[in-house]
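J.: Chains A and B, in that order, give the protein sequences. For the first sequence, the positions run 126 to 244 when my numbering is used. For the second sequence, the positions run 140 to 251 when my numbering is used.
FYI, nobody ran anything at the bench for these hints, they're computed from the structure. Each statement offered as a hint is correct.
Computed list of chain B residues with no C-beta within reach of chain A, every gap over 12 Å:
#1 Thr-152
#2 Gly-155
#3 Trp-166
#4 Ser-167
#5 Asp-201
#6 Glu-218
#7 Arg-222
#8 Thr-225
#9 Thr-249
If the Cβ cut is set under 7 Å, some of the chain A residues that face chain B in the computed set are:
#10 Met-170
#11 Phe-216
#12 Tyr-229
#13 Gly-230
#14 Lys-231
#15 Gln-236
#16 Gly-237
Fair warning: this is a prediction, and the values are worked out from it, not measured in the lab. Think of the CB as a built atom: it goes at the ideal place given N, C-alpha and C, for glycine as much as any other residue.
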Amino acid sequence: AQTVTQSQPEMSVQEAETVTLSCTYDTSESDYYLFWYKQPPSRQMILVIRQEAYKQQNATENRFSVNFQKAAKSFSLKISDSQLGDAAMYFCAYRSVNAGGTSYGKLTFGQGTILTVHP
Amino acid sequence: DAGITQSPRYKITETGRQVTLMCHQTWSHSYMFWYRQDLGHGLRLIYYSAAADITDKGEVSDGYVVSRSKTENFPLTLESATRSQTSVYFCASRDRIYNEQFFGPGTRLTVL
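Isolated chain A (complex conformation) (with noise of 0.2 Å):
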């Protein structure tokens, strides 16, 4: 079964400032999907950044970026220049290449880094 483990209960940063959020994942998988999900005061779950295993680029979106490190299976986003609407829990999440077999794409999540931005 795969675990994933974020060491960082809660972060804070400066507005503009850069921060990362660290997560390592442990699999005998070869192949599978990384993500990172945002969850804002409201709860809504938000899908910021996904990753695939296969490819060696790190993904980037606007301010998010990833650092991808298969062979250490560490997977932290980098959040650049801050702003206060970046702050909510954010999740680090794995899947399984092989979704339609008896995984079904389930995601297995990590515990949650509480990101706080001060003006």
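Here the structure of chain A is known, so what remains is to put chain B in place on it, guided by the hints.
T.: Using the frame of chain A, we list chain B on its own:
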């Protein structure tokens, strides 16, 4: 409205009562999921379904049952609620082709 909805959004019940949380999606997605969110645990899978009448247990399924008679609905029932089932419950759905899982707005359940 298109999307995935959950009802009720908030529910308070008492220990021992049966509670059903509803989930409805309008995309005709094949796969549907129920997760619970607890501080320190992130989201954990309760049950999932690949299609109507096909369901399977997740990692924290004890005390819960599901049904899926129609593709668009996936209700979750707590047969006899316990205080440990106080949580926020999320329903999600996923298309066979696309990789993204779409989440409902969540139901906050309190068991007294």
